[in-house]
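Chemist: The residues making up each chain are set out below.
Protein chains: 2
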Amino acid sequence: MPNPTAAMLVIGDEILSGRTRDANMHHLAGELAKAGIDLKEVRFVGDDPDVIVGAVNALRRAFDHLFTSGGIGPTHDDITADCIAAAFGLPIGVRDDARAILQAHYDREGIELNEARLRMARIPEGAALIDNPVSAAPGFTLGNVHVMAGVPTIFAAMAAGLLPTLRGGAPVVSRSVRVELAEGDIAGPLGVLAQSNPDLSFGSYPFQRDGKYGANIVIRGQDGAAVEAAAEELADRLGLTA
Amino acid sequence: MPNPTAAMLVIGDEILSGRTRDANMHHLAGELAKAGIDLKEVRFVGDDPDVIVGAVNALRRAFDHLFTSGGIGPTHDDITADCIAAAFGLPIGVRDDARAILQAHYDREGIELNEARLRMARIPEGAALIDNPVSAAPGFTLGNVHVMAGVPTIFAAMAAGLLPTLRGGAPVVSRSVRVELAEGDIAGPLGVLAQSNPDLSFGSYPFQRDGKYGANIVIRGQDGAAVEAAAEELADRLGLTA
Numbered sequence: 013m014p015n016p017t018a019a020m021l022v023i024g025d026e027i028l029s030g031r032t033r034d035a036n037m038h039h040l041a042g043e044l045a046k047a048g049i050d051l052k053e054v055r056f057v058g059d060d061p062d063v064i065v066g067a068v069n070a071l072r073r074a075f076d077h078l079f080t081s082g083g084i085g086p087t088h089d090d091i092t093a094d095c096i097a098a099a100f101g102l103p104i105g106v107r108d109d110a111r112a113i114l115q116a117h118y119d120r121e122g123i124e125l126n127e128a129r130l131r132m133a134r135i136p137e138g139a140a141l142i143d144n145p146v147s148a149a150p151g152f153t154l155g156n157v158h159v160m161a162g163v164p165t166i167f168a169a170m171a172a173g174l175l176p177t178l179r180g181g182a183p184v185v186s187r188s189v190r191v192e193l194a195e196g197d198i199a200g201p202l203g204v205l206a207q208s209n210p211d212l213s214f215g216s217y218p219f220q221r222d223g224k225y226g227a228n229i230v231i232r233g234q235d236g237a238a239v240e241a242a243a244e245e246l247a248d249r250l251g252l253t254a
Numbered sequence: 013m014p015n016p017t018a019a020m021l022v023i024g025d026e027i028l029s030g031r032t033r034d035a036n037m038h039h040l041a042g043e044l045a046k047a048g049i050d051l052k053e054v055r056f057v058g059d060d061p062d063v064i065v066g067a068v069n070a071l072r073r074a075f076d077h078l079f080t081s082g083g084i085g086p087t088h089d090d091i092t093a094d095c096i097a098a099a100f101g102l103p104i105g106v107r108d109d110a111r112a113i114l115q116a117h118y119d120r121e122g123i124e125l126n127e128a129r130l131r132m133a134r135i136p137e138g139a140a141l142i143d144n145p146v147s148a149a150p151g152f153t154l155g156n157v158h159v160m161a162g163v164p165t166i167f168a169a170m171a172a173g174l175l176p177t178l179r180g181g182a183p184v185v186s187r188s189v190r191v192e193l194a195e196g197d198i199a200g201p202l203g204v205l206a207q208s209n210p211d212l213s214f215g216s217y218p219f220q221r222d223g224k225y226g227a228n229i230v231i232r233g234q235d236g237a238a239v240e241a242a243a244e245e246l247a248d249r250l251g252l253t254a
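Just so you know, the sequences run in chain order A and B. This note's numbering puts the last residue of the first sequence at 254; the count rises by one with no breaks. This note's numbering puts the last residue of the second sequence at 254; the count rises by one with no breaks.
Bound conformation, chain A alone:
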């Protein structure tokens, strides 16, 4: 059975404007690889409802899972939950279970659950809440769409709770071969190897250090023995010791 596929949608003007450097894509990519879920596409879009709705619908239909990051806080620019509801054509409102979680959290902290904070209890009909152990305000799963916070510590905590509940596939095994040859000298043998191993993927990532050219060749696949054998064959062809 092939691994489940996934896409990610990162929502918010702050990354596109160059102000903020995203951390959630790299984190999720690593966690999905461990879980055996293949991340196929990531999109970054701004705080524009039509664009968000369009991207949600395109990505949730094309992949087994869609993970979103950002736009679920209390301020006016936090429009993700409403956009998800619109994408599914479902109603959205303050939900009692989400409100109770927020009320308990703010009571403990001695903070008022005002109108702005109550926005964070707006959850589309039929969604299941995702636990937020950092700051209480929940994410949610609706269909195959998993809606999480943009703040990296909260995003990571939500993902840690969510991912074990999803069906994973065979984790991908990878083996890296460091070659101190220019990529142009590796390309021939590497192409031959890639052609004779269609189930494996071969990536070449060049570097330049102290004026010398080199590349890390990364061989990836679900069959560990095949990955190992390909790494040895590559080393042989390039005259290295694996």
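Read the hints as simulated data drawn from the structure, not as lab findings. Remember, it's a predicted structure, so these values are computed and weren't measured experimentally. Ideal placement from N, C-alpha and C gives every residue a C-beta, glycine not left out. Where hints are given, some of them may not hold.
Label pairs and their computed distance ranges (CB to CB) [as the list claims (entries may be wrong)]:
id, chain 1, residue 1, chain 2, residue 2, range
1, A, L252, B, E127, 45 to 51 Å
2, B, K224, A, A241, 52 to 58 Å
3, B, M13, A, T165, 37 to 43 Å
4, A, V146, B, V146, 38 to 44 Å
5, B, D108, A, D60, 50 to 56 Å
Add chain B to chain A, keeping to what the hints say.
Modeler: Relative to the frame of chain A, chain B by itself:
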């Protein structure tokens, strides 16, 4: 006149697999903001020709500029130039001007311009070359698509040469107000301000430090005086000194 719009397409399995952390998006986002070109969407896709061609065609039609990163090296997984040609329905082959650039570079370095390296001289018909001061192999511009390398130093060097040749708009001015209040307490006044200033964008980026909540409110717009006035009004409303 509104600012030109742009999208970016980052090509390569290595980022989606979690192995590599992308650096080019953040760099380009900052450079485009300075140039007055509005980055509206970024997509990351893997080394799959159909997916790349589809994304190139969707993004080049939707925005004034499309910048791509990755997949123009000498190895078998470097398929970007062919995909761009396919997206435009144009022929591609080794071009004399690109070959001459590579030949001169490798002659200087005493390296053979072999078949793999010659792949980097494959340029779609009608494209203009983008200078690569780092390692010679050129990028290219075809229509409104600017094809650049994935290695961050080379990407940055190509962008530095390219961007001044594009028509920019008014650079966006931004002003950040640091507020040591929880986002839920800022949301009300901020929403009012956003509504009365439709030409400005107001972002709220929460943080938590030493157990205290706070947020950086970022006000952005092309009219510096309006941005300044809004920052002062916000500080007033929140009882701060701007």
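Chemist: Against the structure shown, which of the earlier numbered hints fail to hold, in ascending order?
Modeler: Failing hints, ascending: 1 and 5.
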